[in-house]
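Just so you know, the protein sequences line up as chains A and B, in that order.
Those letters in the first sequence? Residues 1 to 252, by our numbering.
Those letters in the second sequence? Residues 1001 to 1120, by our numbering.
FYI, nobody ran anything at the bench for these hints, they're computed from the structure.
Among the hints, a few may not be true.
Stated by the list, open to error - Here are a few chain B residues that sit away from chain A, every Cβ distance over 10 Å (derived from the structure):
no.: 1; residue: Pro1020
no.: 2; residue: Glu1021
no.: 3; residue: Val1067
no.: 4; residue: Thr1070
no.: 5; residue: Cys1076
no.: 6; residue: Phe1080
no.: 7; residue: Pro1081
no.: 8; residue: Ala1100
Stated by the list, open to error - Coverage of chain A stretches by chain B, computed from C-beta distances (three or more under 8 Å per stretch; other residues unrestricted):
no.: 9; segment: 10–19
no.: 10; segment: 89–96
no.: 11; segment: 114–128
no.: 12; segment: 176–189
Claimed, not checked - As a list, the in silico SDA-like pairs of lysine to any residue whose alpha-carbon atoms are at most 20 Å apart:
no.: 13; chain 1: A; residue 1: Lys150; chain 2: B; residue 2: Ala1035
no.: 14; chain 1: A; residue 1: Lys13; chain 2: B; residue 2: Gly1034
no.: 15; chain 1: A; residue 1: Lys13; chain 2: B; residue 2: His1017
no.: 16; chain 1: A; residue 1: Lys13; chain 2: B; residue 2: Leu1004
no.: 17; chain 1: A; residue 1: Lys13; chain 2: B; residue 2: Val1039
no.: 18; chain 1: A; residue 1: Lys150; chain 2: B; residue 2: Ala1087
no.: 19; chain 1: A; residue 1: Lys150; chain 2: B; residue 2: Thr1070
no.: 20; chain 1: A; residue 1: Lys150; chain 2: B; residue 2: Gly1102
no.: 21; chain 1: A; residue 1: Lys13; chain 2: B; residue 2: Gly1038
no.: 22; chain 1: A; residue 1: Lys13; chain 2: B; residue 2: Arg1103
no.: 23; chain 1: A; residue 1: Lys150; chain 2: B; residue 2: Glu1084
no.: 24; chain 1: A; residue 1: Lys13; chain 2: B; residue 2: Glu1003
no.: 25; chain 1: A; residue 1: Lys13; chain 2: B; residue 2: Glu1109
no.: 26; chain 1: A; residue 1: Lys150; chain 2: B; residue 2: Pro1068
no.: 27; chain 1: A; residue 1: Lys150; chain 2: B; residue 2: Ala1069
no.: 28; chain 1: A; residue 1: Lys13; chain 2: B; residue 2: Asp1012
no.: 29; chain 1: A; residue 1: Lys150; chain 2: A; residue 2: Arg181
no.: 30; chain 1: A; residue 1: Lys13; chain 2: B; residue 2: Arg1015
no.: 31; chain 1: A; residue 1: Lys13; chain 2: B; residue 2: Ile1051
no.: 32; chain 1: A; residue 1: Lys150; chain 2: B; residue 2: Arg1088
This structure is a prediction, so every number in the text was calculated from the model and none was measured.
Glycine included, C-beta positions come from ideal geometry on N, C-alpha and C.
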Amino acid sequence: MSVMTIERRVLEKNDTIAAANRARLARHGLFAFNLVSSPGAGKTSLLERTLERLRDEIRVAVIEGDVQTDLDARRVARYEVPVIQIVTNGGCHLEARLVADALGGLDLDALDLVVIENVGNLVCPANYDLGEALKVVLLSTTEGDDKPLKYPAMFRNAGVLVINKIDLVPHLDADLAAIRRNARAINPDLEIFEVSCRTGEGLAEWCAWIERQVVRGRAVSERAEGPTAPAERAGGGPGAAAGVGGEKAGRA
Amino acid sequence: MHELSLAHSILDLVRDHVPPERGAEVRAVAVRVGAQAGVIADSLAFCFDAIVQGTPYGGARLVVRPVPATSRCATCGVEFPAAEAFARCPACGSARVAYAHGRELDVAEIELGEPRELTP
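My request is simple: use the sequences and hints to build the entire structure.
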């Protein structure tokens, strides 16, 4: 009988791939966020409203994670941005290797922003680093103001909270101030936006934040790469990226 | 489902250290699971048991070593037991606390023994 000492993290392999994804995104000066929420909170709606406002300003690609179907990829593809659909076939979260494969299907030089829409689930995606700059957790008012306390890992690991469906607050017992208070009890540093994808309220602030992150990502990459980088990027407008990933995406 | 994919990751780590030709020697795999790792220990052991069947590691069982959660205050440095994620620092009341322990999910040790002939 003998005992081998191993001392390795179970998620080590995922985290190694995530670190490689992060380095790859940084090399291309890309900002990427990992959008997480429970099912039905409005991740795809938020994406649609965001694409309407930003697709002429910045070059966006979307990686869609779903348990089944390419319904979300079809919705997003209507905005003529590259979309890669990942179907997890029962898997409850995206993993870094799936995102690495998806990044391989995108022309990263022709992009400013990659949005990773995770599987709708407030539990498991919290544990998996995909290589994103940060997690954006979306919570809709109809889910109730206690959710940050009940699903703390997700709110603790996120950098931004977007509260959706604020137009419904008059009809609900949920309280916006309580959502904010509970979220900050878990994570005092959370940046919070309040939006309604239905009325458009609050979306301007959210989109302005994204634009600031994109500019910052570009600046970091340019400092690292030297003066050649901006010239390389100057050629591609919003249309330059369209269709690159779309061929692989769920348009068919 | 989450535990199943973690069980596969654990078996991958075991494979990294013990090649399949010695798989029958693996008796037990000890994993440290933090109270706030988001993992159900029984479910993880069940999944591990299921996936090793029919592999050279079929004689291995998963031993879970639970790690209680503690938080450390970023403001005053005090470490305290953290039953809930939204616990404030008991010393100074700060909400700027982070887990010191309890997020662990590690393969700690592998126990090897005489190879066992497994009945199908």
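So, going through the hints one by one against the coordinates:
Taking the minimum C-beta to C-beta distance to chain A, about 16 Å, the non-interface status of proline 1020 of chain B holds against the 10 Å cut. Non-interface status of glutamate 1021 of chain B relative to chain A is upheld: no Cβ of that chain comes within 10 Å, the nearest being about 16 Å off. Look at valine 1067 of chain B: its CB is around 13 Å from the nearest CB on chain A, clear of 10 Å, so calling it non-interface holds up. For threonine 1070 of chain B, the condition that its CB be more than 10 Å from all CB atoms of chain A holds, with the nearest at approximately 15 Å.
Every beta carbon of chain A lies more than 10 Å from that of cysteine 1076 of chain B, the smallest distance being close to 15 Å; the non-interface claim holds. Listed as outside the interface, phenylalanine 1080 of chain B is consistent with that label: its C-beta sits roughly 16 Å from the nearest C-beta of chain A, beyond the 10 Å cut-off. Residue placement check: proline 1081 of chain B keeps its beta carbon more than 10 Å from all beta carbons of chain A (closest about 16 Å). Interface exclusion of alanine 1100 of chain B from chain A stands, the closest Cβ pair being 14 Å apart, more than 10 Å.
Beta-carbon proximity to chain B at under 8 Å applies to 5 residues in the segment 10–19 of chain A; the threshold of 3 is reached and the given coverage holds. Taking a C-beta to C-beta cut-off of 8 Å, the segment 89–96 of chain A contributes 5 residues in contact with chain B, enough for the three needed, and the coverage statement holds. Figure legend: the segment 114–128 of chain A, annotated as covered by chain B; annotation consistent (4 residues with Cβ-Cβ distances under 8 Å, at least 3 required). Note: the segment 176–189 of chain A has 5 residues with beta-carbon separation from chain B under 8 Å; the three-residue rule is met and the coverage holds.
Our distance criterion of 20 Å between C-alpha atoms is met by lysine 150 of chain A and alanine 1035 of chain B, whose separation comes to about 15 Å. The suggested pairing of lysine 13 of chain A with glycine 1034 of chain B holds, with an alpha-carbon distance near 19 Å, which does not exceed 20 Å. Among the hinted pairs, lysine 13 of chain A with histidine 1017 of chain B is consistent with the structure: their alpha-carbon atoms are about 14 Å apart, no more than 20 Å. The suggested pairing of lysine 13 of chain A with leucine 1004 of chain B holds, with an alpha-carbon distance near 16 Å, which does not exceed 20 Å.
Between lysine 13 of chain A and valine 1039 of chain B, the direct Cα distance comes to roughly 18 Å. Compliance with the 20 Å bound is thereby established for this hinted pair. The straight-line distance between the Cα atoms of lysine 150 of chain A and alanine 1087 of chain B is roughly 13 Å, inside the 20 Å bound, and the hint therefore holds. This hinted pair checks out: lysine 150 of chain A and threonine 1070 of chain B have alpha carbons roughly 18 Å apart, not beyond 20 Å. This hinted pair checks out: lysine 150 of chain A and glycine 1102 of chain B have alpha carbons roughly 17 Å apart, not beyond 20 Å.
Among the hinted pairs, lysine 13 of chain A with glycine 1038 of chain B is consistent with the structure: their alpha-carbon atoms are about 18 Å apart, no more than 20 Å. Restraint check for lysine 13 of chain A and arginine 1103 of chain B: the C-alpha separation of about 17 Å stays at or below 20 Å, so the hint holds. Under the criterion of a C-alpha separation no larger than 20 Å, the hint pairing lysine 150 of chain A with glutamate 1084 of chain B is consistent with the structure, at around 10 Å. A threshold of 20 Å between alpha carbons decides the hint, and for lysine 13 of chain A with glutamate 1003 of chain B the separation of about 16 Å falls inside it, so the pair holds.
The straight-line distance between the Cα atoms of lysine 13 of chain A and glutamate 1109 of chain B is roughly 18 Å, inside the 20 Å bound, and the hint therefore holds. Of the supplied pair hints, the one linking lysine 150 of chain A and proline 1068 of chain B holds, its CA atoms being roughly 19 Å apart against a limit of 20 Å. Among the hinted pairs, lysine 150 of chain A with alanine 1069 of chain B is consistent with the structure: their alpha-carbon atoms are about 17 Å apart, no more than 20 Å. For the proposed pair lysine 13 of chain A and aspartate 1012 of chain B, the alpha carbon gap of about 9 Å is at most 20 Å, so the pair holds.
Between lysine 150 of chain A and arginine 181 of chain A the alpha-carbon distance is near 14 Å, which keeps this suggested pair within the 20 Å criterion. In summary, the hint linking lysine 13 of chain A to arginine 1015 of chain B is supported, as the alpha carbons are separated by about 13 Å, within the 20 Å threshold. For the given pair, lysine 13 of chain A sits about 19 Å from isoleucine 1051 of chain B by alpha-carbon distance, which is consistent with the 20 Å threshold. With a C-alpha separation of about 16 Å, the suggested pair lysine 150 of chain A and arginine 1088 of chain B falls inside the 20 Å cut-off, and the hint holds.
When each numbered hint is compared with the structure, no violation occurs for any of them.
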